[in-house]
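Peer 1: Sequence:
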Amino acid sequence: MILTPKKQKKSRLKNIFKCCYAGKLAIIAVLSLFINVMIYFIQYFRGIYTGNYSHYFFIAHIFKGFSGNIDLVGIIFIISKIIFLVSIVLAFAFELLIRIYDVFSKEN
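Using UniProt numbering, read the sequence shown as starting at 1 and increasing by one per residue.
Take these hints with a grain of salt, some might be off.
[Said to hold, decoys possible] In silico SDA-like links for lysine to any residue, alpha-carbon gap of 25 angstroms or less:
{"hint": "1", "residue 1": "24", "residue 2": "102"}
{"hint": "2", "residue 1": "24", "residue 2": "35"}
{"hint": "3", "residue 1": "81", "residue 2": "31"}
{"hint": "4", "residue 1": "106", "residue 2": "27"}
{"hint": "5", "residue 1": "81", "residue 2": "32"}
{"hint": "6", "residue 1": "24", "residue 2": "93"}
{"hint": "7", "residue 1": "24", "residue 2": "97"}
{"hint": "8", "residue 1": "81", "residue 2": "26"}
{"hint": "9", "residue 1": "24", "residue 2": "103"}
{"hint": "10", "residue 1": "81", "residue 2": "35"}
It should be emphasised that the hints constitute simulated quantities derived from the structure, not laboratory data.
The whole structure should be built from the sequences, with the hints applied where relevant.
Peer 2: Next comes the structure, spelled out in structure tokens:
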């Protein structure tokens, strides 16, 4: 069966989310980035509420709670940051492997 360009485009888009992990990893990366932004807001409003907010305090203690110990928000932030970085690297790696495979499969 010969695919027209429109059908090829749809099938490629469908295959990215169906059989390839790059699209799924990109979605995971966006979700973890959203969690990171939410944690920035949580830390910002916690600082305003306790009256301890300053720009230096916010930047220096983003991983720590206001008592100086790592709290649940800091742990979630660290985990989501690791997930974000790993998923971005893996998504690029999978996309690169797909492109290399396409090049070598067209030559044969």
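Peer 1: Are the hints correct? Go through all of them and say.
Peer 2: Verification of the supplied hints:
For the hint linking residue 24 to residue 102, the alpha-carbon distance of about 20 angstroms falls within 25 angstroms, and the restraint holds. For the hint linking residue 24 to residue 35, the alpha-carbon distance of about 17 angstroms falls within 25 angstroms, and the restraint holds. The straight-line distance between the Cα atoms of residue 81 and residue 31 is roughly 11 angstroms, inside the 25 angstroms bound, and the hint therefore holds. The hinted pair formed by residue 106 and residue 27 fails the criterion: a straight-line CA distance of about 29 angstroms is larger than 25 angstroms.
This hinted pair checks out: residue 81 and residue 32 have alpha carbons roughly 7 angstroms apart, not beyond 25 angstroms. A distance of roughly 13 angstroms separates the Cα atoms of residue 24 and residue 93; the hinted pair therefore holds under the 25 angstroms criterion. At roughly 15 angstroms between alpha-carbon atoms, residue 24 and residue 97 fall within 25 angstroms of each other, so this suggested pair holds. For the proposed pair residue 81 and residue 26, the alpha carbon gap of about 14 angstroms is at most 25 angstroms, so the pair holds.
A hinted pair counts as satisfied when its Cα atoms are at most 25 angstroms apart, and residue 24 with residue 103 qualifies at roughly 23 angstroms. Restraint check: the Cα-Cα separation between residue 81 and residue 35 comes to about 9 angstroms, which is no more than 25 angstroms; the hinted pair holds.
When the structure is compared with the earlier hints, a violation turns up for hint 4 alone.
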